[in-house]
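These protein sequences, in sequence, are chains A and B.
Counting from 1, position 213 in the first sequence corresponds to residue 213 in the working numbering; the numbering is continuous, with no gaps.
Counting from 1, position 188 in the second sequence corresponds to residue 1188 in the working numbering; the numbering is continuous, with no gaps.
Hints in this document: simulated from the structure, not taken from any laboratory.
Check each hint, because a few of them may be wrong.
Coverage of chain A stretches by chain B, computed from C-beta distances (three or more under 8 Å per stretch; other residues unrestricted) [to be verified]: (1) 76–85; (2) 172–179.
Calculated pairs, DMTMM-like style, for lysine to aspartate or glutamate (alpha carbon to alpha carbon, straight line, at most 20 Å) [claimed, not checked]: (3) A:Lys28 to A:Glu59; (4) A:Lys260 to A:Asp46; (5) A:Lys188 to B:Glu1161; (6) A:Lys234 to B:Asp1072; (7) A:Lys92 to A:Asp147; (8) A:Lys54 to B:Glu1161; (9) A:Lys28 to B:Glu1179; (10) A:Lys231 to B:Asp1072; (11) A:Lys260 to B:Glu1179; (12) A:Lys28 to A:Glu239; (13) A:Lys28 to B:Asp1072; (14) A:Lys260 to B:Glu1174; (15) A:Lys54 to A:Asp245.
C-beta: ideal position from N, C-alpha, C; glycine also.
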Amino acid sequence: MARPWARRLGAALAIALALSTLAFAQAKPSIILATTTSTQDSGLLDALVPRFEKARGIEVKVIAVGTGAALRMAGSGDADVVLVHAPEAERKYVESGDLIDGRLVMHNDFVIVGPPDDPAGVSKGKSAADAMRAIAARGTFVSRGDDSGTHAQELALWGTARIDPKAVARREETGQGMGATLNIADQKRAYTLTDRGTYLSLRSRLGLAIAFQGDPALRNVYHVYAVNRAKHPKTRYSEARAFIDFLVSPPVQQAIGVFKRDVYGESLFFPDALTR
Amino acid sequence: MTAIVLRTLLVSGLATLLAVLVGVPAGYLIARRSFRGRTLLLGVVNTGMGMPPVVVGLIVWVMLVRSGPFGDLGLIYTQAAMVVAQFLIATPIIIGFTAASIQALSPRLPDLLTVLGAGRVRTLWLLAREARLGLLVAVMAAFGAIVSEVGASMIVGGNLERSTRVLTTAIVTETSRGEIERALLLGLVLLALSFVVNLTLTVVQQRSRP
Chain A
1 MARPWARRLG
11 AALAIALALS
21 TLAFAQAKPS
31 IILATTTSTQ
41 DSGLLDALVP
51 RFEKARGIEV
61 KVIAVGTGAA
71 LRMAGSGDAD
81 VVLVHAPEAE
91 RKYVESGDLI
101 DGRLVMHNDF
111 VIVGPPDDPA
121 GVSKGKSAAD
131 AMRAIAARGT
141 FVSRGDDSGT
151 HAQELALWGT
161 ARIDPKAVAR
171 REETGQGMGA
181 TLNIADQKRA
191 YTLTDRGTYL
201 SLRSRLGLAI
211 AFQGDPALRN
221 VYHVYAVNRA
231 KHPKTRYSEA
241 RAFIDFLVSP
251 PVQQAIGVFK
261 RDVYGESLFF
271 PDALTR
Chain B
1001 MTAIVLRTLL
1011 VSGLATLLAV
1021 LVGVPAGYLI
1031 ARRSFRGRTL
1041 LLGVVNTGMG
1051 MPPVVVGLIV
1061 WVMLVRSGPF
1071 GDLGLIYTQA
1081 AMVVAQFLIA
1091 TPIIIGFTAA
1101 SIQALSPRLP
1111 DLLTVLGAGR
1121 VRTLWLLARE
1131 ARLGLLVAVM
1141 AAFGAIVSEV
1151 GASMIVGGNL
1161 ERSTRVLTTA
1171 IVTETSRGEI
1181 ERALLLGLVL
1191 LALSFVVNLT
1201 LTVVQQRSRP
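Build the full structure now, drawing on both the sequences and the hints.
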């Protein structure tokens, strides 16, 4: 009895199975890098990671989450290396011995962006705290609300302004990454706090302008750490260490400084590993 | 783009295949055998047909993450982890549709086939042939569900650009980056892919109509 449909289906399935075996067979050493959405959304890691993979033959799995989640992954040994920007939160993990070999990699700064006509008069503030007070009084604010480094920075700014963010009537949390949050702020004609790099890389598609910048409290510092193998035996320390050495090496530091500078006319990140 | 399309087909195709291998026999047994708790089991399966993929993804993540019970397998953030999650989403769908389509056949058909001299294996095969309209619906529903699913793939695959980014997670990434044209294009490709697969299965289903 001829059953052409069955034979054809069987052949298709056999091919699928063979292909999948091939796909899963290639195992090369890999590490998990838990990092922030800002390094991912700006495209910086897309530019750096392939260089490292090519030079060292180590695959890097970049998991872009908030800094809080990245640190928790390190704390449970679910990541090998973290690139994060919330020094306060990082310190706890260094003290507990989960993170070692910390190195300063780079910085940029946070800016408060909002509708170009600045309805809340944020730009008139003398400090970041003034700006937050103006937003609380007259503006709408969209928060990351995702326990990220940017979210931590925002909460610190509310603290400096002595305002309880929960009491700000027109403040909403997106629970999403920086790019998505900027889009939402744009659509709702709201203010938000963003790292300069992500803002610059999305600026052409947003109707948002910088409303406040320049306060030293808005400095945004990125550190890289390896997860301590003595505490989490399943982690890959030597490969993580190689990635750290790569990030702080002179050619890569230089590449960070010029990353997309030709596109935006200014640097998205400023390398720090060699200067101090 | 091509890589993402092939990867999407590979992961969801393999998960569907595995779900068929497990789900069709299971659905057959549930439909044909009577045992204690059968209705309860069918209720569980039918609930599973509507199981939120993101919950499945979360459970698989907890199981496969390095500090989890199966962490030593090193499967988290791989295509294999995505296949596991999608398999778990697809299997109840296959079981449910299979059970329904087998039950739609005359309950005396197996005896009849045996009387006509068909062996055990042959009987099963002929039954599957009789039920194939429903079985192919099962395959299409399962593949359609997992190829369009985003939550579980994002959580267990990690949306890695060169290994685990599939069409749905790529759409999320491009949208979040504000690359709306690219996101829309990927959406069209996903629709086209779904259409081609379903059309192929429909041709198979209709060509050998009894």
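Hints, one by one, checked against the model:
no.: 1; hint: 76–85; verdict: holds (count 3)
no.: 2; hint: 172–179; verdict: holds (count 3)
no.: 3; hint: A:Lys28 to A:Glu59; verdict: holds, 7 Å
no.: 4; hint: A:Lys260 to A:Asp46; verdict: holds, 12 Å
no.: 5; hint: A:Lys188 to B:Glu1161; verdict: violated, 30 Å
no.: 6; hint: A:Lys234 to B:Asp1072; verdict: holds, 8 Å
no.: 7; hint: A:Lys92 to A:Asp147; verdict: holds, 15 Å
no.: 8; hint: A:Lys54 to B:Glu1161; verdict: holds, 15 Å
no.: 9; hint: A:Lys28 to B:Glu1179; verdict: violated, 32 Å
no.: 10; hint: A:Lys231 to B:Asp1072; verdict: holds, 16 Å
no.: 11; hint: A:Lys260 to B:Glu1179; verdict: holds, 17 Å
no.: 12; hint: A:Lys28 to A:Glu239; verdict: holds, 12 Å
no.: 13; hint: A:Lys28 to B:Asp1072; verdict: holds, 16 Å
no.: 14; hint: A:Lys260 to B:Glu1174; verdict: holds, 19 Å
no.: 15; hint: A:Lys54 to A:Asp245; verdict: holds, 15 Å
Violated hints for the displayed structure, listed by number in ascending order: 5 and 9.
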